[in-house]
Amino acid sequence: MLHNRKVAPLLVIDLEKNASRLARRGHPWLYKDDLKAADLVDPVFSPGTIVRVRDHEGRDLGLACASIRSKIALRLCGSWPGDGVPSLDEFLANRIGRAISLREGLIGERTGVRLVYGEADQIPGLVVDRYDDVLVLQATTALIDASLPLVASILGELIETRMILARNDLSIRRLERLPQEVVLLAGEPVERVSILEHGVTHLVRPYAGQKTGMYLDQRPARKRVQELASGARVLDLFSYQGAFSMAALSGGAASATMVDQSISALELGLETARENGFSEPELIQGNAFDVVRDLRNRAHQYDLVILDPPAFCKNRREVEGGIRGYRDLNRASLRLLAPEGRLLTCSCSHHL
289 MLHNRKVAPL LVIDLEKNAS RLARRGHPWL YKDDLKAADL VDPVFSPGTI VRVRDHEGRD
349 LGLACASIRS KIALRLCGSW PGDGVPSLDE FLANRIGRAI SLREGLIGER TGVRLVYGEA
409 DQIPGLVVDR YDDVLVLQAT TALIDASLPL VASILGELIE TRMILARNDL SIRRLERLPQ
469 EVVLLAGEPV ERVSILEHGV THLVRPYAGQ KTGMYLDQRP ARKRVQELAS GARVLDLFSY
529 QGAFSMAALS GGAASATMVD QSISALELGL ETARENGFSE PELIQGNAFD VVRDLRNRAH
589 QYDLVILDPP AFCKNRREVE GGIRGYRDLN RASLRLLAPE GRLLTCSCSH HL
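Using my numbering, you'd call the opening residue of the sequence shown number 289 and step up by one each time.
Hints are computed from structural coordinates only; laboratory data are not their basis.
Heads up, the beta-carbon is just placed ideally off N, CA and C, and yes, glycines get one too.
Be aware that one or more of the hints could be misleading.
Simulated restraints on C-beta separations [as the list claims (entries may be wrong)]:
no., residue 1, residue 2, range
1, Lys-305, Glu-515, 46 to 52 Å
2, Ser-567, Glu-608, 40 to 46 Å
3, Leu-310, Cys-634, 29 to 35 Å
4, Pro-598, Arg-619, 14 to 20 Å
5, Arg-391, Gly-519, 44 to 50 Å
6, Arg-462, Leu-622, 35 to 41 Å
7, Lys-305, Ile-611, 32 to 38 Å
Under the rule of at most 30 Å between Cα atoms (straight-line distance), these lysine-lysine pairs were calculated in the DSS-like manner [what the hints assert, rightly or not]:
no., residue 1, residue 2
8, Lys-602, Lys-499
9, Lys-499, Lys-359
10, Lys-320, Lys-499
11, Lys-305, Lys-359
12, Lys-359, Lys-602
13, Lys-499, Lys-511
14, Lys-320, Lys-602
15, Lys-320, Lys-359
16, Lys-511, Lys-602
17, Lys-305, Lys-320
Let the sequences and hints guide you as you build the complete structure.
Listed below in structure tokens is the structure:
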């Protein structure tokens, strides 16, 4: 573990009243418009700078990661002892170590888990997902991107791994003028890894899968599907690699039908079912809107329909169209339900 306790030169940003009010309310971000123009200069806002923040009355608000590249000029990242600014290695070692320690007693039998949650762990811009002995990172700020070798070193001392991979192919990185890329940070390439969740083995592709390889945030929903699935005919729309279908089959579903546009994702779902000894799901490659319409025309019925589409509106300008898409798809899915059937519907459009 790195323990460089050298304190960096003191860099302090004094907020004006409106910005102070936002920070005091707990908002983790402050935009350029919230700050004095005189503060928006290098070296204070060079990538990788950690600063102290004070409100308009001089009261300490803790640390922030600064960036002149983004509309988000300051990302608050919690308190720090004393009145100085820690070195970058000390800051990252502290925050990453604390995040992992907090989750040690909560993981249970599962081997796929998010270890670091960005702002929630006071490490803005860093996500770390663990898939058994493989770690997959995503960096969305200039500070974290420039610090990835250091982040990998800290993680390597805390966790024994076969691979640490940076899946930095997110479009959001363009907002901080960062390249979209996938970078092997440590170990040897691992194309596929198995994880355990609720007694089910899932196959994950760190290099090719969505997000970091799997939608770990849907774990509670998959548990609920497992509980509801006994004897059910299940339709899994936008199934991706079939994590919901596997949960349903493990819960005793009579059948599972996976619908997705990606044939490789469907094939991985089939392989996962075989790995678990489940009955093979039906695979339908196609557009979910078209498939739902076709199933309705052929009078198919299901006891449980799972609807987990991608974001239909990624900004405020797309909200009206997104609402229309969600409404139409949910209505069509409801028409596929057998009497007393259930619809599990999800949305990842945070603008709604």
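| request: If any of the earlier hints don't hold here, list their numbers in rising order. | output: Those not satisfied come down to hint 5.
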